[in-house]
Amino acid sequence: MKDTTTGEDIFKRMENSLHKMELPWPKMTSIMKDGSLSMAGKKVGLLKIIRNHVAEVDSNKELIFMHCIIHQEILCQEVIGIKHVVDPIVNILNFIRERGLNHITIYQTS
Numbered sequence: 000m001k002d003t004t005t006g007e008d009i010f011k012r013m014e015n016s017l018h019k020m021e022l023p024w025p026k027m028t029s030i031m032k033d034g035s036l037s038m039a040g041k042k043v044g045l046l047k048i049i050r051n052h053v054a055e056v057d058s059n060k061e062l063i064f065m066h067c068i069i070h071q072e073i074l075c076q077e078v079i080g081i082k083h084v085v086d087p088i089v090n091i092l093n094f095i096r097e098r099g100l101n102h103i104t105i106y107q108t109s
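Residue 79 in numbering that gives the first Met the number 0 is what sits at position 80 of the sequence shown, and the numbering runs on without skipping anything.
Don't read these hints as lab results, they were simulated from the structure. This one's a predicted model, so the numbers in the text were calculated from it and none came from an experiment. Here a beta-carbon is modelled for each residue, glycine too, at the ideal position from N, C-alpha and C. One or more hints might be untrue.
Claimed, not checked - Below are the EDC-like pairs computed for lysine to aspartate or glutamate, each with C-alpha atoms no more than 20 angstroms apart in a straight line:
#, residue 1, residue 2
1, Lys26, Glu55
2, Lys47, Glu97
3, Lys11, Glu21
4, Lys32, Asp8
5, Lys60, Glu14
6, Lys11, Glu55
7, Lys42, Glu7
8, Lys42, Glu21
9, Lys32, Glu14
10, Lys19, Asp33
11, Lys42, Asp8
12, Lys19, Glu7
13, Lys11, Asp57
14, Lys47, Glu61
15, Lys42, Glu55
16, Lys11, Asp33
What the hints assert, rightly or not - For each label pair, taking beta carbons as the anchor points, the in silico distance ranges come out as:
#, residue 1, residue 2, range
17, Ser35, Asp86, 15 to 25 angstroms
18, Asp8, Leu62, 26 to 36 angstroms
19, Gly80, Glu14, 36 to 46 angstroms
20, Phe94, Asn59, 38 to 48 angstroms
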């Protein structure tokens with residue numbers, strides 16, 4: 000994303016991408032998240048915006064929000080002693096990210 004990455008900005012991009020790929024909101028069942036403010040902010044975070052939007056589309060629908068497994072491992076690596084496992088994975092991911100334009104591709108609709 001070129002500009003800001005607020006929850007609203009990310010939601011607009013996500014909505015455009017879903018529309019472009021002809022994927023209806025009611026088909027969405029879960030979302031993988033990290034702990035960033037733009038994702039998890041209680042008032043204007045992406046998850047709150049998505050939850051409100053999905054409730055408007057289908058009031059019976061409840062999404063499952065899951066914390067990214069890599070983030071979970073990093074959060075608990077020192078507690079359970081798996082730093083020797085996580086560090087090489089992080090190095091590999093960083094290597095891949097350094098050589099790509101973006102580690103997440105979001106379709107632009109400009």
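Aspartate 86 and serine 35 - C-beta distance against the hinted 15 to 25 angstroms: holds (22 angstroms)
Pair hint outcome, lysine 11 versus glutamate 21 [Cα-Cα no greater than 20 angstroms]: Holds, at roughly 15 angstroms.
Pairwise hint evaluation, aspartate 8 against lysine 32, where the allowed Cα distance is 20 angstroms at most: holds (16 angstroms)
Given hint aspartate 57 paired with lysine 11 - CA-CA distance at most 20 angstroms: Judged against 20 angstroms, a Cα distance of about 19 angstroms means the pair holds.
Distance restraint between lysine 42 and glutamate 55, which requires alpha-carbon spacing of 20 angstroms or less: holds (17 angstroms)
Pair hint lysine 11 and aspartate 33, alpha-carbon separation not exceeding 20 angstroms: OK: lysine 11 and aspartate 33 at ~18 angstroms, within 20 angstroms.
Hinted pair lysine 60 and glutamate 14, Cα distance within 20 angstroms: holds (17 angstroms)
20 angstroms Cα cutoff - pair lysine 47, glutamate 97: Given pair lysine 47, glutamate 97 is violated - Cα atoms ~31 angstroms apart, limit 20 angstroms.
Restraint check for lysine 47 with glutamate 61, where alpha carbons must lie at most 20 angstroms apart: holds (12 angstroms)
Pairwise hint evaluation, glutamate 55 against lysine 26, where the allowed Cα distance is 20 angstroms at most: Holds - the C-alpha atoms of glutamate 55 and lysine 26 are around 14 angstroms apart, at most 20 angstroms.
Pair hint lysine 11 and glutamate 55, alpha-carbon separation not exceeding 20 angstroms: Holds, at about 16 angstroms.
Pair hint outcome, lysine 42 versus glutamate 7 [Cα-Cα no greater than 20 angstroms]: holds (11 angstroms)
In summary, the structure is inconsistent with hints 2, 8, 10, 18 from the numbered list given earlier, while agreeing with the others.
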